[in-house]
Amino acid sequence: MTQWERFLDTFFNAAVLAKYTPAILQGVWVTVWLSVLIVLAGIGLGVALAVIRSFGWRLASFAIVVFADVMRAVPPLVLILIVFFGLPNAGIFLSSFFVLFVVLALVLAAFAEEIVWAGITSVDKGQWEAARSTGLGFGQSLAFVVLPQALRMGIPPLTNRAIAITKMTALGTVIGVPDILNQATTAQSFSGNASPLMLAAVVYVALFLPLVILSRWLENRFAWRKA
Amino acid sequence: MTADVEAAQATPSLEVRGLHKSFGTVEVLKGVDLTVAHREMVFVLGPSGSGKSTMLRCCNRLEEPDSGLILLEGDPVTGKGVNLNAIRQRIGMVFQAFNLYPHLNARKNVTLALRKVRGMSRDEADARAMEALTRVGLADKSENHPSELSGGQQQRVAIARALALEPQVMLFDEPTSALDPELVGDVLAVMREVKAAGMTMLVVSHEMKFAREAADRVIFMDQGRIVEQGPPERIFGAPEHDRTRAFLSRVTGD
Ligand SMILES: Nc1ncnc2c1ncn2[C@@H]1O[C@H](COP(=O)(O)OP(=O)(O)OP(=O)(O)O)[C@@H](O)[C@H]1O
Ligand SMILES: [Mg+2]
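Chains as they are written, first to last, in full-length UniProt numbering: chain X, 1 to 227; chain B, 1 to 254.
Rather than coming from a laboratory, the hints here were simulated on the basis of the structure.
Positions of the beta carbon are idealized from the N, C-alpha and C atoms, including for glycine.
A hint or two may mislead.
To be verified - Rough simulated footprint, nothing fancy, chain X against chain B, three-plus residues with beta-carbon under 8 angstroms: (1) 97-105; (2) 108-120; (3) 157-166; (4) 178-190.
Start from the sequences and build out the full structure, keeping to the hints where you can.
This is how it looks when you write it as structure tokens:
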């Protein structure tokens, strides 16, 4: 075997690929499912927290700021390990899938809250005044005038953050979530061949490249405010 | 004329009594008294920082007065228990910076309050919006977003947005100050039409020529007080106070 053949055999072994592709596709299903749930729950919760914060209740705002700062400061892997290995000691048993979902959704919510909050505060004060002067209440002004503009400004950073967080579903591997990476590493250790990992990388590119391109497009599309 | 109508006309449209307002330790309004009659157009002049905007913004409580009384058609605007959102629909406001909603087209800028505050159906609100946009000469721009409109067009949409709620008084805070000179005329023409249609208007503006020909009364404010007021011919022709004279000679440049 030449060096080149050995390289091909290690990373692109057709027999190994054929054998483990079904398992990795199952992992794709798990990763996609998790990602969708995390994005919906994370962004939904983040927007809700930003809205609550805009009402200016001291205690609620303080709690939200603490939550957002802590969740953004701690590495998600640490949170995952604490919840997954810590809670059983307290008598609470959660599935690895659920732990990964909750932790990443909360982390995304923390970032989303900050992004949406920054958007809300950067909307010109005149927008509030115009809305209020026509008789719209605070909540209506927020819902129909300020929040739509804040979300629009937030779309590019929210998309970027959602992509970053969903990629972290790969961390589920360490607690046994059968996601793409987990299936691939299992296959790699069984086969003693790195081809499944290559396949996983290709699948990640196929999943996330369109999203990265979408986020770039959104960034251009929503640059209108600066005009 | 019935007794009711006569009584209504005896009540001023807008009445401000003993209005005080401070920002921190700076007293910006030091007791302002003002009445605006029905269908009257009152112009407010005064140097920068004299409290004109603050006075106007107190009238719909975008700024909260420290003390004083404000009445709209005899109904209290100030005080506890006032339904602020209800009273604000009766007071239209036009801002220097237009403040159109950038995410909504011209028609939806106008319909938002009609739908959400008045509870009109979509069709009803659209019809009302088109009526208002037609009045300001922008029926053909109803589907354009603010970013696609000139400053003058944006301000006319903002006027339509206020008009559509059929307010009893309209407040204008330097409606043409942010406009290129060649666009000012269109906005003033709309204001003239609104006045001709019988609107009560309180206008802060530095458009002296317009004030001279269109205002029923001119008020000169300085340092948080009304210094003098009267018909435009008198204020411009024979001002009584030195401060008024000094201000007018500064702005008109004679
Ligand atoms: N929100 C605020 N906080 C603190 N000070 C304020 C605020 N709004 C206005 N002021 C101050 O109150 C004074 C009166 O301001 P106001 O805007 O009413 O003046 P104006 O007559 O409208 O002036 P201009 O012609 O420049 O618009 C100014 O000294 C201003 O700096
Ligand atoms: Mg002003």
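Evaluated hints:
| no. | hint | in the structure |
| --- | --- | --- |
| 1 | 97-105 | holds (count 6) |
| 2 | 108-120 | holds (count 4) |
| 3 | 157-166 | holds (count 4) |
| 4 | 178-190 | violated (count 0) |
Of the numbered hints listed earlier, the single one contradicted by the structure is hint 4.
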